[in-house]
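Chemist: Protein chains in written order, with the working numbering: chain Y, 1 to 589; chain C, 590 to 882.
Just so you know, these hints were derived from the structure itself, not from any lab. A portion of the hints provided could be inaccurate.
Stated by the list, open to error - Between beta-carbon pairs, the in silico distance windows are:
1. E871/C x G197/Y: 17 to 27 Å
2. V796/C x V406/Y: 51 to 61 Å
3. K78/Y x S738/C: 55 to 65 Å
4. I607/C x K320/Y: 31 to 41 Å
5. E529/Y x K855/C: 23 to 33 Å
6. L445/Y x R808/C: 29 to 39 Å
Glycine included, C-beta positions come from ideal geometry on N, C-alpha and C.
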Amino acid sequence: MSEKRNVIVRIAGAAGDGIASTGELFGKTCSRMGLHVMAYNSYQSAIRGGHVWLQLNVGEEKTRCHGEQPEVALLLNKTSPEVHIPDMKPGGIVFYDVSKIKDDLTVMRDDLNYYALDFKALCDFEGTSPVMVNVMLAGALIQAIGLDTSVGMEFFEEKFSKKGQEIVDVNQKVFNAGIEWAKENVKDFSVALKGDGTKRMFLTGNDAFGMGFIAGGLKSYAAYPMSPATGILHYLSKQAKKCKLLVKQTEDELAAANFIIGSGQAGVRAATATAGGGFCLMVEALGLAGMLEVPTVFVSVMRGGPSTGIPTKQEQADIKLVMGGNGDFPRIVIAPKDTDDAFVQAARALNLAEKYQVPVIILSDLFLSEHYQTVDPFDFSKVTIERGKYMRELPKDAARYKRYEVTDDGISPRLVPGHEGHMYCSGSDEHDEDGELVSDILAGLPRAKEVRLKMHPKRMRKEETMLKENDVLPPEITGPADAKLTLMGWGSTFDYIEDACETLRADGLSVNHLHFTDLYPMDKEKVKEILRSCNEIVAVENNMTNQMCKLILGETGFEITRSINRFDGEPFTGEYIVNEVKKKELINA
Amino acid sequence: MPETTDREITVKDFKGHINPDWCPGCGDFGVLNVLQRSLAEMNIAPEDVMIVSGIGCSSNLPGFINTYGMHTLHGRSLPIAQGFKLANHGMHVIACGGDGDGLGIGVGHLIHSMRRNVDMTYIIMDNSIYGLTTGQTSPTSGFNMKTKSTPFGNPELPVNPMALAISAGCSFVARGFSGNPKQLVEIYKAAIKHKGFAFIDTFSPCVTFNKVNTAQYYRENTYDIQEDGHDSSDMQAAFARAMEDGKIGTGIFYQKERPTYETPEKETFDIPLVDQPLGVDEKLASELNAQFL
Ligand SMILES: Cc1ncc(C[n+]2csc(CCOP(=O)(O)OP(=O)(O)O)c2C)c(N)n1
Ligand code: SF4
Ligand SMILES: [Mg+2]
């Protein structure tokens, strides 16, 4: 077989069939063996009992993609075969329970191996119930592809020991029944993946954001639940006591955004997260943070839009949104490229917010935020905390303190409230260096104009400083610099495009990958130079209208005219991109 | 709990260096004066006070008083004030703004702030009109009142801030009148002293756009509920006062201390968040990683 030692597994059924817990059991088995997993959850609104599936690509090396065609499937309900059998790779194996699926599946395809287990017969002991079919099938699956079955046994201990030993026992017995059955009956499929023995974490991008925030000194977090951002709220709520965090579920997104502005003004590191619809409600506060120069971090997780859109599906179509707001104010927009990067960028965003006293937006998406993947434990020691011009005390000999002092770099010394003799009021109206408004008594007078012409450029100057100080990551090129074709992407598509490039290069094609993590501000000259150095650029965007191309065009005047787009609600895969490149004849060898 | 100071504080310490640009005779002057007096009489140092407002004539107040201030967005003073207070509970936090700010665009926050019970004070400067936007109907404009946006009379009933607050679980509910500073200063002092969310709806007449709810009107139509023997620990009695027709009661309608938002989270709030070290140590870091191994 191929040297690529990996296997793609799909677990499918109705919401409530235990897909998530089966996935967790399977994922943990792999991650503890030192294998790499990339998992993607395709789900619909659980309330309608929609069809759900989880696809896991397990490999001995880092797996960049959840892949297209599964080789192993575990089907948990009646509708599963018609959805998934057509997707299977020839020669693949399918596990199911006879009480759930009664049809003769060979009629659909005869090039697959079907294994029908009978839960009633195999698990006919005290305490079992049909909801445990997935546990039995998981046992069979894990055995069949030669993974370590002891992790599963541990898993039930960890998960159910609080509920009582009987629950642990019965799960283990059912699991074991699946294992034993597979030992007897499954013979012709052995991938026998070998892990390197290094235990890895198995988590989502949202978990990684939460950990990055904690590493970066987050103290105040406020949010209103909205999928796919809610995972961060759940994660941080759980850690609140241990890490001394203020975690507040507010009455709405307006409150969440404004709440963190209050905390930021007080001098603590503060963040919120929401999805596109919730971010719409936060935009007024975003401008307030810009105007009051309050360090704040906003995570905006994209999902299918517009409006409530396709809530549980993937899209990358909120660049325009996060660039929104009335008037001009400085901001930073970062689109992390993967789970590791989610950790790094969350901590970095807190630093940048304080250094520049601006709102920083982390633009994530459903795929990055919610997919599970294995990563090495995060290196907290690499995270530094840099607070910029933050002050708790004013030096004794300091001149009269002005909160919004005009400086060359646009950043004013930031003395947080609580000191005798240095009181100031921060105003959302245009104000002078002391924070005093020029909108009321001074409105219309020459002095108001003068202040405006000083203060507005002072704030906007921070964007220039960010570039000068090299705080904006330029886009990176991977692969041969002189490639005939450049695939341009941003944010979470990084791994998919990398995967596609590897395949295309293996096919003898000359391609490279241009990736943006930092979207804004943009170093116009540097970016233009990089774009010009490419031979032929094709944008790869998980949206219909190429929002990144438009941002690049607006900033640099460089127009990218060809693109691969996906907006059916699914993330890209390497294979998908490869097929598009070939289909559209975007390159000739 | 925020402290008072050893320094001797007077009203002068709170005098802002900008003169208010309110219309001469505006009720908001009275609110400002009484607030300055209350803080001075409690000997609270100006640097220990943060005043957060929204947008409106009344919301200009933080610019006219010598404390820390934030003049923010229409309707959003409360979440900002709470985010601030919980990040630095060593300071006294007071939010203020208009009836439109607090009972119109910001009413969602008001209800939740009341049940949340963060230790802070909230003053609505209630003129039953939108002053800054030159005289439209407000949530406390009377039924049938003619304003620029209701030239044929207001078709809606006004909200009842006292009844709303009591039912929302507010632990300190009061109403005052800027034209009665003697009573108002006592109410404000009690509110600032109150441990929990203290709400004071303060009649503060707009002399320019509201010819109905004038200072004269309030002098003639209000009475002091404490003088009338009201027991502010009795919620039923408070409701009864809130629902009265005819003369309008002022004073403390309801007060009952209960654990503030901060109380159950003792571990987190032992010292103000702003004074806590940032980041995590090695041990905690490996614990956090271990959760996913
Ligand atoms: C989001 C938003 N909507 C509308 C406005 C315009 N606006 C400013 S103040 C105000 C109402 C003022 O009334 P009130 O809050 O009662 O304060 P007052 O001026 O009467 O003291 C309105 C509608 C605004 N600033 N922001
Ligand atoms: S318009 Fe009314 S509320 Fe505004 S300052 Fe003048 S009197 Fe006061
Ligand atoms: Mg008003």
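Chemist: Determine for every hint whether it applies to the structure shown.
Modeler: Checked hints:
1. E871/C x G197/Y: 17 to 27 Å: With a Cβ separation near 23 Å, E871/C and G197/Y satisfy 17 to 27 Å, so the hint holds.
2. V796/C x V406/Y: 51 to 61 Å: For V406/Y against V796/C, whose Cβ atoms are near 38 Å apart, the range 51 to 61 Å is violated.
3. K78/Y x S738/C: 55 to 65 Å: At roughly 59 Å between Cβ atoms, S738/C and K78/Y fall inside 55 to 65 Å, so the hint holds.
4. I607/C x K320/Y: 31 to 41 Å: holds, 39 Å
5. E529/Y x K855/C: 23 to 33 Å: Given about 56 Å between the Cβ atoms, the range is violated.
6. L445/Y x R808/C: 29 to 39 Å: Holds, since L445/Y and R808/C (Cβ atoms, about 38 Å apart) stay within the stated range.
The earlier numbered hints that this structure contradicts are 2 and 5.
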